[in-house]
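Visitor: Each chain is listed here by its residues.
2 protein chains.
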Amino acid sequence: MRAAPPPLAGGVPGADALRPLLGAVLDALRAGAEERGGPLPAGGPEAVAHRTARLGAVLPETGTGPDEALRTLVQALAAGAADPADPLCAAHLHTPPLALAAAADLAASALNPSMDSWDQAPAASALETLVTTALAAEIHPGAPHPDALVTTGGTESNQLALLLARERHAGGHHAGGGHTGGGHTGKGHTRERPTGKGPLRTVVGANAHHSFRRAAWLLGLPAPVVVPTPRGVLDPTALHTALTDTPGPHLVAATAGTTDEGLIDPLPALADVCAAHGADLHVDAAYGGPLLFSRTHRPLLDGLDRARTVTVDLHKLGWQPAAAGLLAVRDTTDLAPLAHTADYLNADDDTDAGLPDLLGRSPRTTRRPDVLKTAVTLRALGRTGLGALVDTCMDLAQDLADRIEKTPALDLRARPVLTTVLFRPHHADDTTVAAIRRTLLTSGRAVLGRARADGRLWLKATLLNPHATPDDLDQLITLVEGSTHR
Amino acid sequence: MRAAPPPLAGGVPGADALRPLLGAVLDALRAGAEERGGPLPAGGPEAVAHRTARLGAVLPETGTGPDEALRTLVQALAAGAADPADPLCAAHLHTPPLALAAAADLAASALNPSMDSWDQAPAASALETLVTTALAAEIHPGAPHPDALVTTGGTESNQLALLLARERHAGGHHAGGGHTGGGHTGKGHTRERPTGKGPLRTVVGANAHHSFRRAAWLLGLPAPVVVPTPRGVLDPTALHTALTDTPGPHLVAATAGTTDEGLIDPLPALADVCAAHGADLHVDAAYGGPLLFSRTHRPLLDGLDRARTVTVDLHKLGWQPAAAGLLAVRDTTDLAPLAHTADYLNADDDTDAGLPDLLGRSPRTTRRPDVLKTAVTLRALGRTGLGALVDTCMDLAQDLADRIEKTPALDLRARPVLTTVLFRPHHADDTTVAAIRRTLLTSGRAVLGRARADGRLWLKATLLNPHATPDDLDQLITLVEGSTHR
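Top to bottom, those sequences are chains A and B.
To convert, count from 1 in the first sequence and add 2; that's our numbering.
To convert, count from 1 in the second sequence and add 2; that's our numbering.
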């Protein structure tokens, strides 16, 4: 006779089954953080790989049981984490999630609704509709039918923006892979390119995210035309020249919150240039988008609503565990190319009978309800609470910049626009700057990023932790100074 | 003065902050399941949308606080769930997650490692390497350097399989979008198609998953050539004819566990045909892959290791919350086309200094450590425990088939191969079958799927709940019989 299967997470008994297991997870998270004792483990990749390898067999013949497995692996993960909740872990757009958002995420895992059909996610899909509609209206407040899709992050959002643009200019030969019966691949049809019109050209600044290059490659489009951005932002005159020199159709991708410097492209002027050239504008606001929640800083995003598509990540300046990406469109009909049918998920007669068709809401099929944690966060904090978190991190960046300016041994690249601060030791060359970063990293003392700007390599602090204190900022400075002098 | 920011999930204080919030989540999960009182809420989409809309503002000016927000939204999600932990929720490859896997997933959310660079995920990336290496060796046991990527599910895995095949046949003009400096989009270069060779043609059975059609469309490839599968599986002779008639290069996609009928294509014979034609073989074992853990049923997958790429989802017959997808490759060098560089994540000098380069492990950038829950499950249950869960569900399917055969009013489509059982009332037409499914759905009594086979529409039960009892199976039969007679 077989042993009873281990308990499930769902149903009425699920909550009781989860309780002791979550106790073990919390104990292990705490023990791991204490064991680590800093922003990341010391010793670098080799030490971490060595400790991980000593955990034992990945797939033993006989299991160790839930309690042992949870305690061992969760503690190892925590002890070996670069934990963004530590203020000295400030390299990337890698946010420290709010406890309430992480707690909400547990419910997504326990209930496991899958967003590809209504009969796998009745309330989860209804909730997603409410939240995406509300957030789309924040991004395109004047539009009559704004909409937004939930994505795995800025990379997927940017890819979708290119895909939608590709299809707008493809002459309507096909949409979403079309419909075929049986939930299965249907009759083959060869894709034809409309004649007399070139492929879509994506035009981006050199300051744009690497995902545009990768998306164009994935989608079989020509590589993006890259406009140099010596000042860190996309210049409208340079864009005008690029659009004049490159045959269309064009999709221009501007950035509100560049990865390296946290800068915002001049959106209104770029929108004007796009309008003059008949080019579509996409704005990658993965980083800067949540400024919309701040009464103080919202004006920095003026012009955002002139974009046809907008990328926003709430797992950056929105304190969500990954993933919490969005792609917003000014008009919901722009999403039509994603329409896709598979009889087992959205047969015509089911759709006619009123079952919502969810398959066109993502290029994925099975899809976790990442919207739940976002919904809980928006409701718990409200606009005021979220705006305050944004404002706090914006202030921290100004504070760090002040302190760097007052430190003779350090150079500040520029006053921060968002929450990214670039700085470097006054007399260091690029090799030294890169080495300082790695030294802090492998000694387990700080996680700082790196960015090239103005032809030089800089240390990068991305401040996303609203609990960081002035002392933490001083400590970052002291650590860099100390590494320089050795 | 601003209020103190809400607590974070990470660090030493994170565990204490999470404890009461998780208490609220568990209370709400239980209350929601009790309120629902069945596999899904009654009333259909309209009732669910109505209840969801009454929850109040998505983004209030002032927040309601963590406790209220968690209790309200999690209870609404649970009350409005189609909960796969209820044995009468058996429509899709929509698994009831194990409590231990959902608990592990919390740690992923709380620590929020992002798998795109080592300095965001030291231990998480080391753990992923261990687990993917071990699972790849299960899938391609004879290969010297098997490897596997973690994906968002079968859809992304199948898309990657097509992408890798596209690049193998693209003449080496580019890889992964190439390298450019600054972590940013680099110089534009137009992608050229190699001359004298047609584009990759994907060849699939009509029984294949719809994601192949969508992937070809996304990647700018011709739509797949579809080989009819009147018996539900891909016939080697028919494949031979298709490969003879279609100019190459070819990628053949076979299926181990079809979505509609749970059938397994004859892998060894198909591999022979592919070898004879010089075609690459991909196997979509999203559903059937975990048979590898069962001593009893593993032989059903003979031939799987002859595939160049294999899709496996552990969020189906592996009891993981979504997502837990894998794409396995026979040789790790096959992943080279995904190589991608962005200076802020994997600058050459950092890589030379020993920092692992993770960007080629996924088309995503930010990426949640979905591997943690899988690692915990493999360790806790071991091969024996996982195999026993597979065997239990396989037995349940045979048991349901037995009971249907003994029910005069019902027809069984065929003896199940995996855990999918197709049946229909003896005298019903397709319209009635579809209506029975919708009636059970909107009355909140059962979630059954639908599938077309042999030219007719069938009700589909996908048995993935190892806690289902003989009584549950009888109840499913009784519900369908009852709906027929009304």
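Heads up, a few of these hints could be off.
Same chains, same label: a pair holds when it works inside one copy or across any pair of copies.
[Stated by the list, open to error] Calculated lysine to any residue pairs in the SDA-like style (CA-CA distance at most 20 Å, straight line): (1) Lys199 - Pro47; (2) Lys199 - Pro224; (3) Lys199 - Pro143; (4) Lys199 - Asp431; (5) Lys199 - Gly222.
Hints in this document: simulated from the structure, not taken from any laboratory.
Visitor: Could you run down the list of hints and mark each one as holding or not?
Guide: How the hints compare with the structure:
{"no.": "1", "hint": "Lys199 - Pro47", "verdict": "neither (50 Å within a copy, 43 Å between copies)"}
{"no.": "2", "hint": "Lys199 - Pro224", "verdict": "both (14 Å within a copy, 19 Å between copies)"}
{"no.": "3", "hint": "Lys199 - Pro143", "verdict": "neither (33 Å within a copy, 49 Å between copies)"}
{"no.": "4", "hint": "Lys199 - Asp431", "verdict": "neither (48 Å within a copy, 49 Å between copies)"}
{"no.": "5", "hint": "Lys199 - Gly222", "verdict": "both (16 Å within a copy, 16 Å between copies)"}
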